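There are 2 protein chains.
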Amino acid sequence: MSATDELIDNAEHYAAGFGGPLPLPPARHVAVLACMDARLDPQAVLGLREGDAHVIRNAGGVVTADALRSLAISQRLLGTTEIILIHHTDCGMLTFTDDQFKAAVEAEVGIRPQWAAEAFSDLDEDVRQSIRRIRADPFVPHKDAVRGFVFDVATGKLTEVA
Amino acid sequence: MSATDELIDNAEHYAAGFGGPLPLPPARHVAVLACMDARLDPQAVLGLREGDAHVIRNAGGVVTADALRSLAISQRLLGTTEIILIHHTDCGMLTFTDDQFKAAVEAEVGIRPQWAAEAFSDLDEDVRQSIRRIRADPFVPHKDAVRGFVFDVATGKLTEVA
Numbered sequence: 001m002s003a004t005d006e007l008i009d010n011a012e013h014y015a016a017g018f019g020g021p022l023p024l025p026p027a028r029h030v031a032v033l034a035c036m037d038a039r040l041d042p043q044a045v046l047g048l049r050e051g052d053a054h055v056i057r058n059a060g061g062v063v064t065a066d067a068l069r070s071l072a073i074s075q076r077l078l079g080t081t082e083i084i085l086i087h088h089t090d091c092g093m094l095t096f097t098d099d100q101f102k103a104a105v106e107a108e109v110g111i112r113p114q115w116a117a118e119a120f121s122d123l124d125e126d127v128r129q130s131i132r133r134i135r136a137d138p139f140v141p142h143k144d145a146v147r148g149f150v151f152d153v154a155t156g157k158l159t160e161v162a
Numbered sequence: 001m002s003a004t005d006e007l008i009d010n011a012e013h014y015a016a017g018f019g020g021p022l023p024l025p026p027a028r029h030v031a032v033l034a035c036m037d038a039r040l041d042p043q044a045v046l047g048l049r050e051g052d053a054h055v056i057r058n059a060g061g062v063v064t065a066d067a068l069r070s071l072a073i074s075q076r077l078l079g080t081t082e083i084i085l086i087h088h089t090d091c092g093m094l095t096f097t098d099d100q101f102k103a104a105v106e107a108e109v110g111i112r113p114q115w116a117a118e119a120f121s122d123l124d125e126d127v128r129q130s131i132r133r134i135r136a137d138p139f140v141p142h143k144d145a146v147r148g149f150v151f152d153v154a155t156g157k158l159t160e161v162a
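Top line first, the protein sequences correspond to chains C and R.
96 is the number that the numbering used here gives to position 96 of the first sequence; each next residue is one higher, with no gaps.
135 is the number that the numbering used here gives to position 135 of the second sequence; each next residue is one higher, with no gaps.
Bear in mind the hints are in silico, worked out from the structure with no lab data behind them.
Keep in mind that a hint or two might mislead.
It does not matter which identical chain is used: a pair holds within one copy or between any two.
What the hints assert, rightly or not - Mimicking SDA-like on lysine to any residue, the simulated pairs with C-alpha atoms at most 25 Å apart in a straight line are: (1) 157 / 108; (2) 102 / 155; (3) 102 / 144; (4) 102 / 77; (5) 143 / 118; (6) 143 / 90; (7) 102 / 160; (8) 102 / 92; (9) 102 / 162; (10) 157 / 18; (11) 143 / 106; (12) 102 / 154; (13) 102 / 8; (14) 157 / 115; (15) 143 / 17; (16) 143 / 49; (17) 143 / 3; (18) 143 / 155; (19) 143 / 122; (20) 102 / 2; (21) 157 / 109; (22) 157 / 78; (23) 102 / 152; (24) 102 / 5; (25) 102 / 47; (26) 157 / 138; (27) 157 / 116.
Predicted model only: the values in this text are computed from it and were never measured.
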C-alpha cells in the first residue's frame, strides 16, 4: 500500500465529517504565502478554518512570478486584501545555492534548469525581499497589509520580521 | 484589529501546544500540489500531520514552471517520490478565461500580464493536463506515482481522476 493510498483512506474519514459547502471568496480576506515545508501547517499555525483564506505554497515560500499570479487572482477576483508571508527556520532553501543545484541537475540530466532555484542564505532578509517583490508588482492591487513572518520549526513560534 | 492580527493571536495558541522538532525530509515521501482555494485544506483532507508531506499550492493547483521547481527540489533534495494533485469543484479558475482576465487587468493597470492566468474550463481534463506536464518535465525524477484527484467542496469527497 503506497503512502498515497493511505492518504486517500484518510480522505474518506474527512468526507464523513464534512460540514457542508462554504462561499468561494475567503471569509477573512487573507492570502497566505508560505513554504511547502512538511513541518509547517499554515492552517494549523494561524488557526484557519475551511473557507477563511487562500493558501499559496512553494519551495521557500518565495515570491515567484507564479506566486504573484496567484496573489493577483486572489485579490482581483476573490476579494482578499491582506497578505501573510511565512518563511521558517531550518529551511531546505538555506542548504544549497542556485549554482550548486543547477550544476547537480545538469550533471545528471544533461539540461540546466532555465529557472532560478531561489535558494537564499538569510531568512529574515528573504522575507523582506519577498515584501519588496510584492510592492514592485504592478498586478497585485492591495499592498497596505503585507506582513512577513518566520515560523520556528523547533518551538512552533511565529515571529514577525517585517 | 486586522484579520492578520487575529491570526497571529491564533499562532500563540499553536505554539503553546507545539510537539517539538521533526526531521526536515517529509516522513511519507509525498508532495501534494493543490489549489489555493480557502475551502480546501489538503492537510485536513489527507490526514497529514506535521512532518508528513510537502504541500505546494497556487491558483488552480496548476502545474506551472514554479510548481515544477518546487517538485524538483522536493524530490531531488528532500526525498519525496509520490505526487498527489488536487483540483476541486466550484474552482475560481473555471469562472473566467485568460483573455478576459488579462484584458481587465490591462484596462485598469495599463499593463498586460506577461504570464498565463492558467484558467481552465474542464476540471478533470486539467488534472490530466497537469499529469502530462509533470511527465514531460526533465527535472522531476520520480514520475511513477503521480495521481490526480478532484475534491468536491459541497460534499468533502475526494475522487480520483487519473
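Hints versus structure:
no. : hint      : verdict
1   : 157 / 108 : neither (39 Å within a copy, 40 Å between copies)
2   : 102 / 155 : neither (33 Å within a copy, 43 Å between copies)
3   : 102 / 144 : between (36 Å within a copy, 23 Å between copies)
4   : 102 / 77  : between (36 Å within a copy, 12 Å between copies)
5   : 143 / 118 : both (23 Å within a copy, 23 Å between copies)
6   : 143 / 90  : neither (28 Å within a copy, 27 Å between copies)
7   : 102 / 160 : neither (32 Å within a copy, 34 Å between copies)
8   : 102 / 92  : within (15 Å within a copy, 35 Å between copies)
9   : 102 / 162 : neither (30 Å within a copy, 31 Å between copies)
10  : 157 / 18  : between (29 Å within a copy, 8 Å between copies)
11  : 143 / 106 : between (38 Å within a copy, 19 Å between copies)
12  : 102 / 154 : neither (30 Å within a copy, 43 Å between copies)
13  : 102 / 8   : neither (34 Å within a copy, 37 Å between copies)
14  : 157 / 115 : neither (32 Å within a copy, 36 Å between copies)
15  : 143 / 17  : neither (37 Å within a copy, 33 Å between copies)
16  : 143 / 49  : within (24 Å within a copy, 33 Å between copies)
17  : 143 / 3   : between (40 Å within a copy, 15 Å between copies)
18  : 143 / 155 : neither (30 Å within a copy, 35 Å between copies)
19  : 143 / 122 : within (23 Å within a copy, 33 Å between copies)
20  : 102 / 2   : neither (30 Å within a copy, 41 Å between copies)
21  : 157 / 109 : neither (40 Å within a copy, 39 Å between copies)
22  : 157 / 78  : between (30 Å within a copy, 23 Å between copies)
23  : 102 / 152 : neither (28 Å within a copy, 39 Å between copies)
24  : 102 / 5   : neither (33 Å within a copy, 39 Å between copies)
25  : 102 / 47  : neither (37 Å within a copy, 34 Å between copies)
26  : 157 / 138 : neither (33 Å within a copy, 38 Å between copies)
27  : 157 / 116 : neither (30 Å within a copy, 37 Å between copies)
Violated hints, in rising order: 1, 2, 6, 7, 9, 12, 13, 14, 15, 18, 20, 21, 23, 24, 25, 26 and 27; the structure is consistent with all others.
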